[in-house]
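Work the whole structure out from these sequences, hints included.
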Amino acid sequence: MVEMNGSQALWTSLKKEGTKHIFGLPGGSVIPLCDEMLNHDLRFILARHEQGAAHMADGYARASGNVGVCLATSGPGATNLVTGIASANIDSSPVVAICGQVARELIGTDAFQEVDIIGVSASVTKYNIQARSAAEVPYAVKSAFHIANTGRRGAVLIDLPKDVTTEKMDVEFPETISFRGYRPVYEPDRREVEWAATLLARANKPVIIAGGGIISSGASSELVALSEYLMAPTATSLMGKGAFPADHPLSLGLCGMHGTYAANTMVPEADVLLIVGARLSDRTTGAISSFAPNAKIIHVDIDRSEIDKNVETVTRVVGDAKNSLQKILRHLNILRSNTATNEYWRKKCQELREVNGVSKTNGDYLKAPEVIKTLRRVLPRDSIVTTEVGQCQMWAALHYDAYLPRSFMTSGGLGTMGWGFPASIGAKTARPEAPVVDIAGDGSFGMTENNLATSVKEHLPVIVLILNNGMLGMVAQWQRLFYNHRYSAVKLERTPDFVKLAEAYGAEGVRVESYKDLETTLNRAIKSDVATVIDVPIDPEENVLPIVPPGMGLKDALMEA
Amino acid sequence: MANQNIIAFLVEDKPGVLFNISNMFRRRGFNINSISVGGAEDHVSRITITIEAEGRALNQVVEQLDKMVDVIEVKRLDQLRTVVRELMLVKLRTVDPMAREEALIHINSYHGLILDIEPESVIAEVTGEPEKLDNFLEQVKSIGVEEMSRTGITALERGRLKLKRSE
Ligand SMILES: Cc1ncc(C[n+]2csc(CCOP(=O)(O)OP(=O)(O)O)c2C)c(N)n1
Ligand SMILES: [Mg+2]
Numbered sequence: 001m002v003e004m005n006g007s008q009a010l011w012t013s014l015k016k017e018g019t020k021h022i023f024g025l026p027g028g029s030v031i032p033l034c035d036e037m038l039n040h041d042l043r044f045i046l047a048r049h050e051q052g053a054a055h056m057a058d059g060y061a062r063a064s065g066n067v068g069v070c071l072a073t074s075g076p077g078a079t080n081l082v083t084g085i086a087s088a089n090i091d092s093s094p095v096v097a098i099c100g101q102v103a104r105e106l107i108g109t110d111a112f113q114e115v116d117i118i119g120v121s122a123s124v125t126k127y128n129i130q131a132r133s134a135a136e137v138p139y140a141v142k143s144a145f146h147i148a149n150t151g152r153r154g155a156v157l158i159d160l161p162k163d164v165t166t167e168k169m170d171v172e173f174p175e176t177i178s179f180r181g182y183r184p185v186y187e188p189d190r191r192e193v194e195w196a197a198t199l200l201a202r203a204n205k206p207v208i209i210a211g212g213g214i215i216s217s218g219a220s221s222e223l224v225a226l227s228e229y230l231m232a233p234t235a236t237s238l239m240g241k242g243a244f245p246a247d248h249p250l251s252l253g254l255c256g257m258h259g260t261y262a263a264n265t266m267v268p269e270a271d272v273l274l275i276v277g278a279r280l281s282d283r284t285t286g287a288i289s290s291f292a293p294n295a296k297i298i299h300v301d302i303d304r305s306e307i308d309k310n311v312e313t314v315t316r317v318v319g320d321a322k323n324s325l326q327k328i329l330r331h332l333n334i335l336r337s338n339t340a341t342n343e344y345w346r347k348k349c350q351e352l353r354e355v356n357g358v359s360k361t362n363g364d365y366l367k368a369p370e371v372i373k374t375l376r377r378v379l380p381r382d383s384i385v386t387t388e389v390g391q392c393q394m395w396a397a398l399h400y401d402a403y404l405p406r407s408f409m410t411s412g413g414l415g416t417m418g419w420g421f422p423a424s425i426g427a428k429t430a431r432p433e434a435p436v437v438d439i440a441g442d443g444s445f446g447m448t449e450n451n452l453a454t455s456v457k458e459h460l461p462v463i464v465l466i467l468n469n470g471m472l473g474m475v476a477q478w479q480r481l482f483y484n485h486r487y488s489a490v491k492l493e494r495t496p497d498f499v500k501l502a503e504a505y506g507a508e509g510v511r512v513e514s515y516k517d518l519e520t521t522l523n524r525a526i527k528s529d530v531a532t533v534i535d536v537p538i539d540p541e542e543n544v545l546p547i548v549p550p551g552m553g554l555k556d557a558l559m560e561a
Numbered sequence: 001m002a003n004q005n006i007i008a009f010l011v012e013d014k015p016g017v018l019f020n021i022s023n024m025f026r027r028r029g030f031n032i033n034s035i036s037v038g039g040a041e042d043h044v045s046r047i048t049i050t051i052e053a054e055g056r057a058l059n060q061v062v063e064q065l066d067k068m069v070d071v072i073e074v075k076r077l078d079q080l081r082t083v084v085r086e087l088m089l090v091k092l093r094t095v096d097p098m099a100r101e102e103a104l105i106h107i108n109s110y111h112g113l114i115l116d117i118e119p120e121s122v123i124a125e126v127t128g129e130p131e132k133l134d135n136f137l138e139q140v141k142s143i144g145v146e147e148m149s150r151t152g153i154t155a156l157e158r159g160r161l162k163l164k165r166s167e
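In order, the protein sequence lines correspond to chains A and B.
Just so you know, the first sequence maps onto residues 1 to 561 in our numbering.
Just so you know, the second sequence maps onto residues 1 to 167 in our numbering.
Because the hints were derived from the structure by calculation, they are not lab data.
Hints should not be assumed to be uniformly reliable.
[Unchecked claim] Pairs of lysine to any residue residues, derived as SDA-like cross-links and limited to a Cα-Cα distance of at most 25 Å, are as follows:
{"hint": "1", "chain 1": "B", "residue 1": "Lys67", "chain 2": "A", "residue 2": "Thr313"}
{"hint": "2", "chain 1": "A", "residue 1": "Lys527", "chain 2": "A", "residue 2": "Gly470"}
{"hint": "3", "chain 1": "B", "residue 1": "Lys67", "chain 2": "A", "residue 2": "Arg304"}
{"hint": "4", "chain 1": "B", "residue 1": "Lys164", "chain 2": "A", "residue 2": "Pro184"}
{"hint": "5", "chain 1": "A", "residue 1": "Lys142", "chain 2": "B", "residue 2": "Gly16"}
{"hint": "6", "chain 1": "B", "residue 1": "Lys67", "chain 2": "A", "residue 2": "Asn323"}
{"hint": "7", "chain 1": "B", "residue 1": "Lys14", "chain 2": "A", "residue 2": "Lys527"}
{"hint": "8", "chain 1": "B", "residue 1": "Lys14", "chain 2": "A", "residue 2": "Ala103"}
{"hint": "9", "chain 1": "B", "residue 1": "Lys67", "chain 2": "A", "residue 2": "Lys527"}
{"hint": "10", "chain 1": "A", "residue 1": "Lys142", "chain 2": "A", "residue 2": "Arg190"}
{"hint": "11", "chain 1": "B", "residue 1": "Lys67", "chain 2": "A", "residue 2": "Ser178"}
[Unchecked claim] Over the 10 Å line for every Cβ pair with chain B, so calculated as not near, a few chain A residues:
{"hint": "12", "residue": "Ile147"}
{"hint": "13", "residue": "Asp308"}
{"hint": "14", "residue": "Glu312"}
{"hint": "15", "residue": "Arg353"}
{"hint": "16", "residue": "Asp364"}
We put the beta carbon where it would ideally sit given N, CA and C, even for glycine.
In structure tokens, the structure reads:
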């Protein structure tokens with residue numbers, strides 16, 4: 001037991017959890033916290049909007065695999081975090097959000113800057129906790145980190161009333177914590193493993209879909225080993241991008257609405273489909289009835305509630321991806337199946353990989369897929385790419401080859417415009433030695449571009465590559481393809497001059513109109529001490545293809561438009 | 001109770017837990033027909049719900065509950081091996097002595113208790129399976145039901161079955 005106030009208890013607890021960076025923006029209810037922070041060895045990265053702070057913490061978490069922490073004041077500060085918390089949580093990214101709150105005796109009185117953030121955040125967090133005394137603070141922090149960073153990871157919010165941060169009490173710091181109702185299962189059941197292995201051993205046309213679970217459990221090498229053992233072509237969900245090396249001969253690329261021709265053809269033809277650490281959202285499956293109609297589906301996930309939620313399975317393996325894949329492989333070895341002989345299936349995978357979607361384009365704009373491929377050529381293998389949302393995101397998902405886990409990060413579940421840029425700053429904080437690039441749209445970048453100030457001030461030089469079509473492009477694409485080309489509310493028209501905008505923030509701004517210039521600019525930007533915004537004008541009417549029309553099956557993708 | 005399923009679960013008895021549970025039901029679009037909550041030992045509350053759902057949907061209710069940090073134990077109760085009770089209070093209009101006579105007969109035949117008698121009304125307590133309460137209501141409808149309140153069902157499994165896994 002030591003006597004200290006709630007603020008001291010908070011920072012001491014965070015330190016014990018290994019936190020070195022906090023992203024945030026202060027206000028009245030957290031002034032005592034910020035004052036006490038000066039006595040602790042922590043780096044505070046000042047965002048210019050709390051949404052940005054939450055995305056930074058999220059990007060930090062995804063790049064490092066450690067919990068990202070953000071801080072906001074009560075009321076509007078806390079509500080500004082909500083989009084960021086929701087984006088992290090749905091993508092199972094471990095984030096702890098600390099919110100100030102009005103003093104305890106004011107709670108419930110509609111006091112100045114009082115928002116019931118526990119109520120507000122309930123649907124978009126894995127858990128939330130209000131610390132009701134200084135002595136509860138270390139328990140709140142321990143619980144938050146434990147829950148955020150175990151099982152299926154997620155976002156946890158801590159609500160801290162102002163007087164809790166100033167009251168002095170005897171506090172103790174728990175070494176561990178446990179909850180009667182929370183016991184994540186890491187070890188799969190032996191019978192489940194054996195049955196899954198048996199089905200896989202009997203497969204003639206096996207396919208694997210790998211999701212973000214592979215990345216969070218660090219199971220990439222097990223995935224590659226299993227895929228090679230079975231000669232199973234392997235696709236990924238959007239969240240799984242990077243889980244399986246894109247240059248592997250068995251890589252199918254992305255599966256789903258904007259999936260590759262190879263993935264969207266082979267998944268529906270599989271006789272056994274192994275899904276690992278993916279939750280099979282509508283964007284990944286297309287119409288369920290034609291998703292994998294002839295396949296025996298095996299689903300491996302640490303979150304039991306995901307299994308049989310959207311797609312009916314034949315068998316399940318509940319457990320951590322790494323453990324589960326290891327055990328499945330071991331059992332396959334015991335069965336000594338000679339599955340690795342299906343030449344035809346493997347060849348088909350390679351042939352289909354050559355097929356790409358083709359968009360009509362006008363003028364001599366740079367083509368978005370080529371821009372992305374140029375970026376890939378220039379960037380070192382272990383660079384990090386984040387994306388905004390829209391066509392830019394899907395071009396990135398289709399054409400940026402990710403070779404390593406945690407090298408491609410995107411707001412998959414929520415599709416949050418404005419996510420990529422602050423997330424790239426968070427990623428750069430976690431891995432300052434790696435080049436970090438946000439593949440952006442002009443619309444999305446506008447949502448959080450103010451974080452350029454943070455990037456410059458905090459010396460976190462990232463690169464923003466804007467595919468500038470002057471449009472809310474993805475919405476425009478839907479209007480072209482599915483609404484008779486009637487544009488409604490999608491023309492941005494007066495976007496700022498991004499070169500001048502960057503310069504106004506003290507960053508570099510460059511407009512690029514040839515692939516060669518793009519290469520030179522990127523090479524310079526990688527070495528720059530400040531952020532570089534690269535503005536690449538593209539055809540406003542270029543489409544991302546393939547696209548599975550809404551409500552249709554994976555095989556119904558449009559290849560040309 | 002034909003297509004009603006019963007789920008019983010134990011939760012941490014602390015502020016906000018009931019909110020989180022009903023919030024989850026709302027968010028996932030689960031339609032709960034009845035819910036009853038009561039304290040148990042060791043800072044635990046026991047909640048019993050009935051829900052009209054089957055197959056994968058019903059499974060999801062159990063899984064989503066199980067996933068919640070403050071839910072300690074969840075179980076779908078097999079109706080053939082479960083005793084089910086609900087309690088109902090009914091206020092009947094008994095201005096007419098004939099009506100009162102009739103009310104007392106019905107209450108008696110349902111093994112009900114009379115909790116209050118006023119010149120113009122009586123309050124009866126009836127306990128039983130929900131169908132029994134429905135039938136009682138049907139019987140006394142013509143007398144005139146002023147007001148009634150039902151608790152929602154509570155349930156326990158028979159014999160050695162129980163909700164809490166032994167550890
Ligand atoms: C916060 C938010 N608001 C609205 C949307 C809906 N939306 C999806 S894509 C898109 C257009 C994005 O435009 P831009 O960033 O320029 O990317 P582009 O599609 O043009 O590449 C919109 C508005 C969203 N995903 N997120
Ligand atoms: Mg755009």
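Consistency of the hints with the structure:
no.: 1; hint: Lys67/B with Thr313/A; in the structure: holds (20 Å)
no.: 2; hint: Lys527/A with Gly470/A; in the structure: violated (29 Å)
no.: 3; hint: Lys67/B with Arg304/A; in the structure: holds (8 Å)
no.: 4; hint: Lys164/B with Pro184/A; in the structure: holds (18 Å)
no.: 5; hint: Lys142/A with Gly16/B; in the structure: holds (19 Å)
no.: 6; hint: Lys67/B with Asn323/A; in the structure: holds (20 Å)
no.: 7; hint: Lys14/B with Lys527/A; in the structure: violated (54 Å)
no.: 8; hint: Lys14/B with Ala103/A; in the structure: holds (21 Å)
no.: 9; hint: Lys67/B with Lys527/A; in the structure: violated (46 Å)
no.: 10; hint: Lys142/A with Arg190/A; in the structure: violated (32 Å)
no.: 11; hint: Lys67/B with Ser178/A; in the structure: holds (15 Å)
no.: 12; hint: Ile147; in the structure: violated (6 Å)
no.: 13; hint: Asp308; in the structure: violated (6 Å)
no.: 14; hint: Glu312; in the structure: violated (7 Å)
no.: 15; hint: Arg353; in the structure: holds (35 Å)
no.: 16; hint: Asp364; in the structure: holds (50 Å)
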